[in-house]
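Peer 1: The primary structure of each chain is shown beneath.
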Amino acid sequence: MQRIGVFVCWCGSNIAGTVDVQAVSEALKTEPGVVFFTNYQYMCSQAGQDIIIDAVKEHNLTGIVVCSCSPRMHEATFRKTAAAAGLNPYMVEIANIREQCSWVHKDMASGTEKAIILGKAAIAKVNLNAPLTPGESPVTKRALVIGGGIAGIQTALDIADAGFPVDIVETKPTIGGKMAQLDKTFPTLDCAACILTPKMVDVAQNDKIRIFSYSEVQEIKGFVGNFDVTIKKKARFVKEEICTGCGACVEKCPMKKIPNEFNLGMDNRRAIYIPFAQAVPKVATIDPSACNMLKNGKCGVCSKVCTAGAIDYTQKDEFINEKYGAIVVATGFNPISMDKFDEYAYNQSKDVITSLEFERLTNAAGPTQGKLLRPSDLEHPHTIVFVQCVGSRCAACAEKGKEYCSKICCMYTAKHAMLVRDKYPDTEVYVFYIDVRTPGKNFDEFYRRAVEEYGVKYIKGMVGKVTPEGNKLKVRASDLIAGKQLNIDADLVVLAVAIEPDKSARPLATMLTASMDTNDFFTEAHPKLRPVESPTAGVFLSGACQGPKDIPETVSQASAAASKVIGLLVKDKLKGNPCIASANELMCNGCSTCANVCPYGAITYIDKEFPMFDRTMQTRRVAQVNPAVCQGCGACTVACMSGAMDLRGFASSQIIAEVDAICR
Amino acid sequence: MHNDSRKIADEIILRSGVNPRRCMKCGKCSGTCPAYEEMEYHPHEFVYMVESGEVEPLLNSKSLYMCLSCFACVDRCPRGVEPAKLVEAVRNAYLRQQDNKHMNADDVPAKLDDDLPQQAIVSAFRKYRK
Amino acid sequence: MKVSYFPGCTLKNKAKILDVYARRCAEVLGVTLEEIDNWQCCGGVFTSKDEPGSKLSSVRALKFAFEKSQPLVSVCSACHNVLKQTNHLMQSDEAFCTKVNRYMAEDSAYDGSTQVYHYLELLRDVVGFDKIREAVVNPLKGRKIAPYYGCLLLRPSSVMQMDDPENPTIFEDLLRALGAEVVVSSMRNECCGGYVTMEKPEFAKKKSLDITSNMQAMGADMIATACPLCKYNLDKNSDAIPTVYFTELLAEALGVKEECDNA
Chain A
0 MQRIGVFVCW
10 CGSNIAGTVD
20 VQAVSEALKT
30 EPGVVFFTNY
40 QYMCSQAGQD
50 IIIDAVKEHN
60 LTGIVVCSCS
70 PRMHEATFRK
80 TAAAAGLNPY
90 MVEIANIREQ
100 CSWVHKDMAS
110 GTEKAIILGK
120 AAIAKVNLNA
130 PLTPGESPVT
140 KRALVIGGGI
150 AGIQTALDIA
160 DAGFPVDIVE
170 TKPTIGGKMA
180 QLDKTFPTLD
190 CAACILTPKM
200 VDVAQNDKIR
210 IFSYSEVQEI
220 KGFVGNFDVT
230 IKKKARFVKE
240 EICTGCGACV
250 EKCPMKKIPN
260 EFNLGMDNRR
270 AIYIPFAQAV
280 PKVATIDPSA
290 CNMLKNGKCG
300 VCSKVCTAGA
310 IDYTQKDEFI
320 NEKYGAIVVA
330 TGFNPISMDK
340 FDEYAYNQSK
350 DVITSLEFER
360 LTNAAGPTQG
370 KLLRPSDLEH
380 PHTIVFVQCV
390 GSRCAACAEK
400 GKEYCSKICC
410 MYTAKHAMLV
420 RDKYPDTEVY
430 VFYIDVRTPG
440 KNFDEFYRRA
450 VEEYGVKYIK
460 GMVGKVTPEG
470 NKLKVRASDL
480 IAGKQLNIDA
490 DLVVLAVAIE
500 PDKSARPLAT
510 MLTASMDTND
520 FFTEAHPKLR
530 PVESPTAGVF
540 LSGACQGPKD
550 IPETVSQASA
560 AASKVIGLLV
570 KDKLKGNPCI
580 ASANELMCNG
590 CSTCANVCPY
600 GAITYIDKEF
610 PMFDRTMQTR
620 RVAQVNPAVC
630 QGCGACTVAC
640 MSGAMDLRGF
650 ASSQIIAEVD
660 AICR
Chain B
0 MHNDSRKIAD
10 EIILRSGVNP
20 RRCMKCGKCS
30 GTCPAYEEME
40 YHPHEFVYMV
50 ESGEVEPLLN
60 SKSLYMCLSC
70 FACVDRCPRG
80 VEPAKLVEAV
90 RNAYLRQQDN
100 KHMNADDVPA
110 KLDDDLPQQA
120 IVSAFRKYRK
Chain C
0 MKVSYFPGCT
10 LKNKAKILDV
20 YARRCAEVLG
30 VTLEEIDNWQ
40 CCGGVFTSKD
50 EPGSKLSSVR
60 ALKFAFEKSQ
70 PLVSVCSACH
80 NVLKQTNHLM
90 QSDEAFCTKV
100 NRYMAEDSAY
110 DGSTQVYHYL
120 ELLRDVVGFD
130 KIREAVVNPL
140 KGRKIAPYYG
150 CLLLRPSSVM
160 QMDDPENPTI
170 FEDLLRALGA
180 EVVVSSMRNE
190 CCGGYVTMEK
200 PEFAKKKSLD
210 ITSNMQAMGA
220 DMIATACPLC
230 KYNLDKNSDA
240 IPTVYFTELL
250 AEALGVKEEC
260 DNA
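Residue numbers (numbering that gives the first Met the number 0), protein chains in the order written: chain A, 0 to 663; chain B, 0 to 129; chain C, 0 to 262.
Accuracy of the hints is not assured; some may be wrong.
Once the Cα atoms are required to be at most 16 Å apart in a straight line, the calculated EDC-like pairs of lysine to aspartate or glutamate come out as [claimed, not checked]: (1) Lys-110/B - Glu-198/C; (2) Lys-48/C - Asp-3/B; (3) Lys-235/C - Asp-114/B; (4) Lys-11/C - Glu-10/B.
Since the hints were derived computationally from the structure, they do not count as laboratory data. The structure displayed is predicted, hence computed values, not measured ones.
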């Protein structure tokens, strides 16, 4: 039998205002196991905690019930108090008589009645509590960052700066991501390359950081502090450590008509290529789908011109195994396909482009060397129509657009419109918008400058149809403020296309057993209070993989994720949560139901021998819970059909005892 | 009167199966409507006015007979509002009242020419009368 | 193969030739169009779903085809639109389906399981464009033709499901199979002015000219359509460029046009 002390808190008038605390402590004194009861103004204060410590010593208490606020608020406090008094911290139960009682009741009588019931339930539970000890696991002091855009770069630099080794895995031949493709950045209009490429160089030169470019994560096993990851380094047919990035091979490669991904297909690259001049690592890569030598053994020019001898047509994919303590997801975003929106004629005219294509058209390193020329005839466009919210805020059907606001489009469209008017004042610029959303430091001022200083014509309304005719694009749209339908003959139409998470995110989430929302954005552990952590321990989120973000926000989140990683990696050992599931092996029938529902991948199966009545041994398949991975959610205990799974600290018998106490 | 109007609007919403509250007022329907210039009230206004219960002006508007039922607004609406179905329901609400019609059978012969396909006459009759 | 065929009133009158070409070409391609018994006008336009009375003729036609275990084919865009939308309601709207079956009071109920094809879909999905390409004896070489879908074939796209409603290819692919040079105009799915031509011919003229002038500007010297009302509006309002039924082009390519014209 436990010896239980009951401590009822007034919380000033927060509880005492609607709950008769004296009546509550009196009512609970006759409950089974209760040997001590009292009430006090602020149990969480030092004086209040001292009352508990003294009572434990004086009355040899084995269990404590505190009737106070939500356990979210002070459970940790009272567990520490119990430990200070020499009790196991898990012998404390909180009856929440504030948030779930005094705050929601108006009259003293019903508030008091409910508080007594909640107290009885907690006492019934603590009667069945057993001391629990958290397990410990070591921490591998190395982090993995998946994705080498600005988010991954910033996270890696910050972690490395704290002294921990970091690996970046990037699927493209170079790091840099979307930001490397941008021209200027809002709201200060500094050039993206000027602020990004120094960071890329920092990454390359940092001896704590390894870059696995042209690589993918193949497999992830393990758990927080102890991830075991296989990385596939795709064959680039160039020896990375030898290649000097001189570009001689690129110049001589005879395959010249391969659409250049970096310029979004608006110009061509060779079969052997370096994505752009500031690429990191600056090494060549052979595209096996385009290279004649790899396809049919006929060519070999690059190998002949390479004085370093870096070309290796026999190179194979390489698999690297590494252990990590923490994993940061920074897989980023892409514009959605415009195939379902051809009322804007994107697939019918070269002069209807996306905003990302527009970035390349105005970028000095882009296909037109930064001159704004329209793709069809390389003429200067005199009338440009920007269309916002193409595919964003679209709830018509799931295959078509995205229901969310893509967040970055209002600002970059204002930037584009402003830059056009600045460089080419003879150009008419229209922006069709539904709402202009500019929350952010100096953002609205920036948009207003586009209108007031640069004379961009913002029109509230949507474009309904774009019809190519001759060398014009006939734009039909509504002007809701003027109450008119507009017909504009444009030379160029720019679509602010919705963004979506990179396609690699979904399979990665499966490997990580990290949760995603219906749009394939990674879910954060708490939308406000834990925004850079995944609910899966040891997995952190950086950048647009978690939701649409602009650069300032991405960098903030990247640094925040890094600080969380550092906080994990500085620990030598991790203390787990002892309130985890465990299987009663005698009852487990090995059906796998629990493993299938476990969102964390914490359950595995082993074959184990059990002694039988006739003294023979029988081998059975039984569930095993990895204590370092289990988060104690209890899904398995509900799913288990034989009742073999139970949650320590929240055993079915304890829950039933609580319910019984409430119903008594 | 206002209550009556609200009742008619609710009936229109019910019969059309359209939920005007889904509208985010982007104006794409009116930006794409081929009959815009012939209409006094435009697709987005139909949605807005039915939502707010202001249906009297719509019921008496010639705009009802200018909608081509081409369904461009339905297909292109980013919110799946289906304005053309609402226009259809308003038109029906008018035509179903006693003695209301937009065209007499006697008026038809004068409008015909040698080539006009039967399809046009039946369609117009369906759209203009009970 | 045999399919049930719903010609519709216009194909029995002002657009007789559309019907003649369609039947003959189908024969050449190994498909017999069996005109269903006692069909009645589809109504020309699909009105709202709370008017089951106006959909009964369509349901009868659909049920007729169902009882013969045949798909139901039509050539006229308007008939196809009404039949397809009605069939969709029979499948998806239980209240509508029940009401209609009670009205009809026939021995057996109809549940919307007939496959409804437009003639173009019959050519693409049943015959196959490759087979048509092989059957062409008189390729439409050097002819610059702009296909015109209008609105009825494609919309509402969630129901019609013929093709991408904003960038369809079925018509283009057919014309290419016939050897023509296809001119793609993004006005091909904009409305010609439809039945409003009766009341406001000047408005229909404006709409039609928007379409024909764009197709001309894009380099077409001929427009092909499936819809008699589209053909009427486009032909009447534009002297510069002719509009023909796609079945006429098909008959020409298959070498049976003259025979049809003389029939």
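Peer 1: A separate judgement is required for each hint: does it hold in the structure or not?
Peer 2: Here's how the hints hold up against the structure:
With a CA separation close to 7 Å, the supplied pair Lys-110/B and Glu-198/C stays within the 16 Å bound. For the hint linking Lys-48/C to Asp-3/B, the alpha-carbon distance of about 24 Å lies beyond 16 Å, and the restraint is violated. Simply put, Lys-235/C and Asp-114/B have alpha-carbon atoms about 9 Å apart, close enough for the 16 Å limit, and the pair holds. A distance of roughly 39 Å separates the Cα atoms of Lys-11/C and Glu-10/B; the hinted pair therefore is violated under the 16 Å criterion.
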